[in-house]
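Chains A and B, in that order, are what the protein sequence lines are. Under the working numbering, think of the first position of the first sequence as 4, with each following residue one higher. Under the working numbering, think of the first position of the second sequence as 2, with each following residue one higher.
Honestly, the hints are just simulated from the structure, not real lab data. Be a bit skeptical, because a hint or two may be false.
Unchecked claim - Chain A stretches covered by chain B per the calculated footprint, using a threshold of three residues with CB under 8 Å from any CB of chain B:
{"#": "1", "stretch": "53-66"}
{"#": "2", "stretch": "69-76"}
{"#": "3", "stretch": "84-97"}
Just so you know, even glycine gets a beta-carbon here, dropped at the ideal spot from N, CA and C.
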Amino acid sequence: MINFSIKNNPILYSIFIIALFVSFQSQSLSNQEKSIDDQTKEISYLLMCPVCQGQSVGESNSNLAHDMRDIIRKQLEAGRSKEEVLAYFVNSYGESILASPPPKGINWLLWLLPGVGIIIGGIGITLFLFKAQREDKNEDSQESNTQPKMDNEYIKRIEEELEDSDS
Amino acid sequence: MKIFSATGKIVVFIIILGLVSLMGYAIFGNRVSVKTSPLIGQQAPPFTLKTFDGKELKLSDLEGKIVLLNFWASWCMPCRQEAGALETSWQKYKDKDVVFVGVNVWDENSNALKYLTNFGGGYPHALDPDEEIQINYGVGGVPETFFIDSSGNVRDKFTGPLTEQIIDYFVLKAKQPQEDKS
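Let the sequences and hints guide you as you build the complete structure.
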């Protein structure tokens, strides 16, 4: 009987090890490539295209955006971090190149004001509703206080009239 | 119905005052300090260009001279508009330690060569083989021109077609000592 066990066959074993190695290598290269692609895409969406109307570098088809994407890729391949790549573009074009302003200095207002606005608006609406509800309750309680008094007077009057009619 | 107490009214007033102040600052704030490029006052990004006649042109070789770095493309109409002024000014400044360099960007080589025949003038025109110089200088379109002083610092950036008067103004400014590096 022929033994097909890889361990017992040195040639098959070697081929298996080489195939495994090549597979791992190609997988690793593919992952690295994908990673740089993903990073390039991610950074390109963090930068605004300087010559486009409200488009990021990732969205634009302009020559400039194309050059910028190439440079992002080159810098990532050279081992630069995302922050370093962004700093490079800020150094050339200024902070207006960033899709979202960095949270520092007066820029903090841009990050905080919407939240503050929502909180103040919420407090205002809550106050309004609370006061409106309280005034409704006051009106109701005033009505409920006057009702029995009126009823009593009415009953008393009916009784008096009945007595008068009896007599 | 009474919505805000006296304290509430003061808080609302302060908030509205703050917002109005911010709007006022945005509209009427000090715009003099707004720079046309973050590179102004900084060391000019180094470059090594290849001229259309095959020579190498390095910024470091131009140290001690004022450099007018003009970005252009053959399809750019304002570039044609400023070509005459650039040539006249180059004739005026070429013996006065002022170097003019044209940088062709976002173009086809054959179109650029045709353009140079008609509008090139006598000063060197070059390409960046790595196509990075336009990004290093933060160029957003053409024509854009950078004025680099004799110490290698970017002194000004001008966007749009140049005239002789504009070139004179910025060249003279680049000759003055730098006031503020911030």
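Self-check item: Those earlier numbered hints the structure runs against, lowest number first
Solution: Violated hints: none; all satisfied.
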